[in-house]
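Colleague: Please build the complex by placing chains S and C on the supplied structure of chain Y, with the hints as guidance.
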Amino acid sequence: MTTTTATETHAGPAEHHELGFIRTYIFSTDHKMIARQFLFSALMFLLLGGLLAVMIRWQLGFPGRPLPAFVRWIFPDTMAPGGIILPEFYNSLVTMHATFMVFFALMPLMAGVFGNLLIPLQIGAEDMAFPRINMISFWIMPVAGFIMLASFFVEGGAAGAGWTSYAPLSASGEWTGVYMGQILWLISLIVLGFSSILGAVNYVSTVINMRAPGMTWFRIPLATWSLFVTAWLLLLAIPILTGGLILLLFDQTIGTAFFRTEGSGEPLLWQHIFWFFGHPEVYILILPAMGFTSEVIACRSRKPIFGYHSMVYAMVAIGFLGWVVWGHHMFQSGMNPLLGMTFVVTTVVIAVPSAIKTFNWMGTLWRGNIHMDTPLLHAVAFVALFIIGGLSGIFMASAPVDIYIHDTYFIVAHLHYVLVGGSLFGIFAGIVFWYPKMFGRMMNEGLGKVHFFLSFLFYNMAFFPMHNLGVQGMMRRIYDPNQYEFLQGLQPLNTFISYSVFLFAATQIIFAFNFLWSLRNGKVAGNNPWKSSTLLWQTPSPPPHGNFPEMPIVYRGPYEYSHPDHEEDFWPQNAPPATSEAGGQFAPAPNPEPVPGD
Amino acid sequence: MNFFWRTGIVLAGMFTVVIALWVKAGPSWLDLSWVMPDNVVSTYGPTLDNAWLVILWITGIVFVATEITLLVFLVKYRHKEGRKADYIEGSNKAEVVWTAVPFVIVVSLAFWSKGIWDEIRDPSLFPANAYTINMMATQFEWNAIYAGADGAFDTSDDFVSRNVLHIPVAQPVVVQLMAQDVIHSFFLPEFRVKQDAVPGMITPVWFEATQTGEFTMACAELCGLGHYTMGGTVIVHSQTDFQDWLAEQQAAAGDD
Amino acid sequence: MDRKPMPGMMVYNLKLGMWVFLLSEVMFFTSLIGSYVILRYAHPEHWTDPGVILNVNLTAGNTFLLICSSVTMVKAFAAIQQGDLKGLQRWLLATILIGATFVGVQVYEYIALMGEGFVPMLDSYHAVGRGNPHEGPSLGGPLYGATFYAMTGFHGAHVTIGVLCLIFVYVRALNGAYTAEHLEGVEVIGLYWHFVDLVWILLFTIVYLI
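Line by line, the protein sequences give chains Y, S and C.
The opening residue of the first sequence carries number 0 in numbering that gives the first Met the number 0; numbering runs sequentially from there.
The opening residue of the second sequence carries number 0 in numbering that gives the first Met the number 0; numbering runs sequentially from there.
The opening residue of the third sequence carries number 0 in numbering that gives the first Met the number 0; numbering runs sequentially from there.
Some clues are possibly wrong.
[Unchecked claim] So these bits of chain C aren't anywhere near chain Y, every CB distance computed over 10 Å:
#, residue
1, Gly7
2, Ile66
3, Val106
4, Glu108
5, Arg129
6, Gly130
[To be verified] Simulated crosslink set (DSS-like; lysine-lysine; CA at most 27 Å straight-line):
#, chain 1, residue 1, chain 2, residue 2
7, Y, Lys31, C, Lys3
8, C, Lys14, C, Lys3
9, C, Lys85, C, Lys14
10, Y, Lys448, Y, Lys530
11, Y, Lys522, S, Lys79
12, Y, Lys448, S, Lys75
13, S, Lys79, Y, Lys448
14, Y, Lys522, Y, Lys31
15, Y, Lys31, C, Lys14
16, Y, Lys448, Y, Lys522
17, S, Lys75, Y, Lys530
18, S, Lys83, Y, Lys448
19, S, Lys75, S, Lys92
20, S, Lys79, Y, Lys530
21, C, Lys74, C, Lys85
22, Y, Lys530, S, Lys83
23, C, Lys74, C, Lys14
24, Y, Lys530, Y, Lys31
For the record, the hints were derived by calculation from the structure and aren't laboratory data.
Cβ atoms here follow ideal geometry from the backbone N, Cα and C, with glycine treated the same way.
Extracted from the complex, chain Y is given alone in its bound form (with noise of 0.2 Å):
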């Protein structure tokens, strides 16, 4: 067991010996290698979500049309028999898409990559406080991912219940026809939930306890402080998911009633657990994208965030407040109206934080000196569909507006823009923007720009319409709407929505395109082409082992960009402060004191 104390030194990095291929880029225990893994496999889960969209979007738009001859042969009779998707096949499409991108795409990316390339670098750690553990975090996902891609190949096909799972028709194969499919699609969601709850101890325990001299709470950069609100949402959420996941695979298996009513059990008590869960789960899909953001906006406005206290304190509003709406998923439910109330009061109340941090990163851009690059366009097209997200949901968080589009397409136009409008744009914005420190070079900024322009178009053509489908009463997850009437004159909606999907995904080639080519051709980055002020700047790129050659001493807030008693318009946050500089609380003592009151 590792008995690291907080004030064990890290020999420098040329007293290390080399470690082999293995130990390096297999079962390395280094924070910045595990981001890298976590990022390839996420992308390439990502892709794989994208592509079970394409397919939904394929039979929505095309209905009952064979998919093309060059894909057709991919799918057996049980899924697309002649290239057309059946409507278990559907339903199985609709599920995996949403489980996918939620487990295997979003929440590595955002927790998995960032938490671990971000939190030590910014904090001035020389790794994380259990770098062990943080391997096996990062293990666990792949064989997770294996036994949820294996579910489409047993009898039955994968699960089909949505990625909600809502009980009885998740509790038994007899109600979808999908035995073994949803079963492992259990297990794998549990075997990945121990990767959060390991990661999230990693990250907690890192920033509240190897944080280096003068790197007080309120100096740490956004982006650390939005993972730590998050880790902390990942330690006490999965839990409850895994709990709730344990009896319903109980429920499959050997036959407990927790869910089915046969057996008096409740279908309510699924819903309950799956959404006190699943509502913190939509913050931590968010949280990093914010913080991300404000990094970003800062840094390319050449301007300190507007508000930084009020930013850190939103986010655990955010954080606390997340706990306490997961009714608002369940107004028509059948729950007790009262308490469907209840959850309306809540409800509304969370949107004030977010929408306090869309005005201080307005107030960020105002009168500051804007580099419009492809970070910078990423960040500000975040806060300008977050917007739209979070406006959507004013709707339904009316429990009588609720009424009517609930489990309409005006959700998935919601759940859209706030995780792909909002969380994906985020994530391509820290991907471009630390991806000069991840591998030492830049990425093209002409291709970075025509990536961002065309999935900016391409994704509000896609979904943008969605709303309007939702308003005229488009269910969810309706394999065939031209069997309702009244849906029928919504076809040519569909289709339009369908090929904006298609171009949309097929922009993503020009970003994969670009992330690989630049991997060898990218121009080389140097320490700190952004020419930010935090301390994940101040170092090489990529960092070597150990990241810092000696631990930092911070002295100053993260965002000090174009500060009027300094020439150049960034001043890091370990650049040792002028002698006779007023207010300077860090005079560079041999052995700095913790700030009193810490």
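Modeller: Showing chains S and C alone in chain Y's frame:
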């Protein structure tokens, strides 16, 4: 080429792509309507549609104001040679204002919602003279169960109407929702009615039709592979026609 | 130049990590216990009075044992705080043996209960209660069995994992890995063990006494 020219060309290109695909797919501009469809046929439907509209106005104004501000900032404060940003850390006054104002708006919305919600959902506020129909949702049909001449359920003169719900106009109706197997959701779009039917529970939902005619009944909760086929019809009769229909069904049931 | 990180929580990483991890365990058991509370409230007819089906006395004794093992764990840690390696080894061994006994008694109890028809499955539930003939009427309902085995079973799994970790620590102690200055491994397994004990006290109360 300067910034505005470049931006203009990019925007024109984007516009062209959108129009081209729009034409190819063939939707009409009416499909992009943001207001609820015209044909609302229940008493509380217009109240809900009105609530929708109010929220649309508020969010619409906020949307336009914030997005335009964002765009203006991007253009006005973009980097130019020799520019320096202003070192501004924040403003406590601004924080207070943009915390308090949204808070007041959203909390008002919550309290306004309460009245509407109670009217629709609170069982103690259901109309007294409502006509009760039991609805058993199964994979994949809606079975409307009528009490028959004796007015009591679970008696031999009950009769079932498969996938067609017959109701009278201008008379409150309570549907007691049940589910045989998995969760379904009783969705009447034109009535603005939606309520989940959960196995093991009996969930009442009330509404009152304002027009005669034939309307849609749909399932709005994924219930298996036939979920997309689980449609039906609501036939709203005049009150006399409804009595005639009932009598007809009761006679047919009596013959069994 | 000797630079130290910010003091943070003023405890070393491993201990902080264990506390944080235990919070996630609290949430896991909350999920199971919360489900039990909701199911029992919704279907009280599935439960019987305490002691009708479950052997309260035996389990009370078992609870006492587990509490004793927390005492021995405290003694083990106190020993190594004084640098007493032999004491550490002895008290660790005592903790392991008591912990293993606890699990053993639970396994015995499970076998007895299942033999009496108290099972988690819906279709085969036919609990006749203690001392009643096998053909007697079924008491309670399957939710009682399902929640019982879910809660106590996962607790038992945690105890088992704890025992295995204690064995690992014991082997290291036999090899002299711990000293008064270097006892973090002992302290954190102690924390985990006390947590497992606390959860059991809560579970025993709500499962056996209510």
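Colleague: Can the restraint linking C/Lys85 and C/Lys14 be considered satisfied, given a maximum Cα separation of 27 Å?
Modeller: holds (24 Å)
Colleague: Please confirm whether C/Gly130 is truly not at the interface, meaning its C-beta sits more than 10 Å away from all C-beta atoms of chain Y.
Modeller: holds (26 Å)
Colleague: CA of S/Lys75 to CA of S/Lys92, is that 27 Å or under?
Modeller: Holds, at about 24 Å.
Colleague: Does C/Val106 sit more than 10 Å from chain Y, CB to CB?
Modeller: C/Val106 is indeed farther than 10 Å from all Cβ atoms of chain Y, at 18 Å.
Colleague: Given the hint that Y/Lys530 pairs with Y/Lys31, does the C-alpha gap stay at or below 27 Å?
Modeller: holds (21 Å)
Colleague: Can the restraint linking Y/Lys448 and Y/Lys522 be considered satisfied, given a maximum Cα separation of 27 Å?
Modeller: Roughly 16 Å separates the two Cα atoms, so the pair holds.
Colleague: Regarding the pair S/Lys79 and Y/Lys448, is the alpha-carbon distance no greater than 27 Å?
Modeller: With a Cα-Cα distance of about 19 Å, the restraint between S/Lys79 and Y/Lys448 holds, given a limit of 27 Å.
Colleague: Sort out whether C/Lys14 lies within 27 Å of Y/Lys31, counting only the CA atoms.
Modeller: The hint holds at about 24 Å.
Colleague: Quickly compare the C-alpha distance for Y/Lys530 and S/Lys83 to 27 Å and report which way the hint goes.
Modeller: Roughly 14 Å between the alpha carbons, so the hint for Y/Lys530 and S/Lys83 holds.
Colleague: Quickly compare the C-alpha distance for Y/Lys522 and Y/Lys31 to 27 Å and report which way the hint goes.
Modeller: holds (20 Å)
Colleague: For the pair we were handed, C/Lys74 and C/Lys14, check the Cα-Cα distance against 27 Å.
Modeller: holds (18 Å)
Colleague: Just double-check C/Gly7 for me: nearest Cβ-Cβ distance to chain Y has to come out over 10 Å.
Modeller: With a cut-off of 10 Å, C/Gly7 comes too close to chain Y, as the shortest Cβ separation is near 4 Å.
The structure does not agree with numbered hint 1 stated previously, though it agrees with all others.
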